[in-house]
Amino acid sequence: AATGGALLGVALGASWISTIVLLIEGVLLLIAIVEGWAKFCRADFPLLMLLAVPIYILWKIPLYLAFLVEPQTKWIRTERDAVDSP
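Counting from 1, one number per residue, gives the positions in the sequence shown under my numbering.
FYI, nobody ran anything at the bench for these hints, they're computed from the structure.
Keep in mind it's a predicted model, so treat the numbers as computed, not measured.
Every residue gets a Cβ at the ideal spot worked out from N, C-alpha and C, and that includes glycine.
Keep in mind that a hint or two might mislead.
Unchecked claim - Quick list of simulated restraints, FRET-style, between CB atoms:
(1) L47 <-> T73: 20 to 30 Å
(2) I20 <-> L47: 28 to 38 Å
(3) A82 <-> V27: 53 to 63 Å
(4) L58 <-> L7: 13 to 23 Å
(5) D84 <-> P54: 41 to 51 Å
(6) A11 <-> T78: 47 to 57 Å
(7) T78 <-> V34: 14 to 24 Å
(8) W16 <-> R77: 48 to 58 Å
(9) L47 <-> D84: 44 to 54 Å
(10) I31 <-> A52: 12 to 22 Å
(11) D44 <-> Y64: 24 to 34 Å
(12) T78 <-> L23: 40 to 50 Å
(13) D44 <-> G13: 40 to 50 Å
(14) Q72 <-> E35: 36 to 46 Å
Generate the whole structure from the sequences, applying the supplied hints.
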């Protein structure tokens, strides 16, 4: 989102510096995530699962936006089985 905003600023006549800095930061973050996965999580966390994380985040965006637009105001109590006391 920040990179998109920086690109919009460039289209409106702003400097390219902020866009380039954001792109470099994004690449460095991606490198850090992949290196951390390769060193610490490779045996427990398959690469396909790592690649699914951005898809999962995009899938959750409508849920988060719904909380902002229509916040839940009622508490919905979950039905539970009765527990016998000793």
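Consistency of the hints with the structure:
1. L47 <-> T73: 20 to 30 Å: Between L47 and T73, where Cβ atoms are some 42 Å apart, the hint is violated.
2. I20 <-> L47: 28 to 38 Å: Since I20 and L47 have Cβ atoms about 29 Å apart, the given range 28 to 38 Å holds.
3. A82 <-> V27: 53 to 63 Å: holds (57 Å)
4. L58 <-> L7: 13 to 23 Å: Roughly 19 Å apart at Cβ, these two residues keep to the hinted range, so it holds.
5. D84 <-> P54: 41 to 51 Å: Cβ of D84 to Cβ of P54: about 47 Å, so the range 41 to 51 Å holds.
6. A11 <-> T78: 47 to 57 Å: The hinted range 47 to 57 Å holds for A11 and T78, with Cβ atoms some 50 Å apart.
7. T78 <-> V34: 14 to 24 Å: With a Cβ separation near 40 Å, T78 and V34 fall outside 14 to 24 Å, so the hint is violated.
8. W16 <-> R77: 48 to 58 Å: holds (55 Å)
9. L47 <-> D84: 44 to 54 Å: Roughly 48 Å apart at Cβ, these two residues keep to the hinted range, so it holds.
10. I31 <-> A52: 12 to 22 Å: holds (19 Å)
11. D44 <-> Y64: 24 to 34 Å: holds (28 Å)
12. T78 <-> L23: 40 to 50 Å: Cβ of T78 to Cβ of L23: about 46 Å, so the range 40 to 50 Å holds.
13. D44 <-> G13: 40 to 50 Å: Because 49 Å falls inside the window, the suggested range holds.
14. Q72 <-> E35: 36 to 46 Å: 40 Å Cβ-Cβ, so the 36 to 46 Å window holds.
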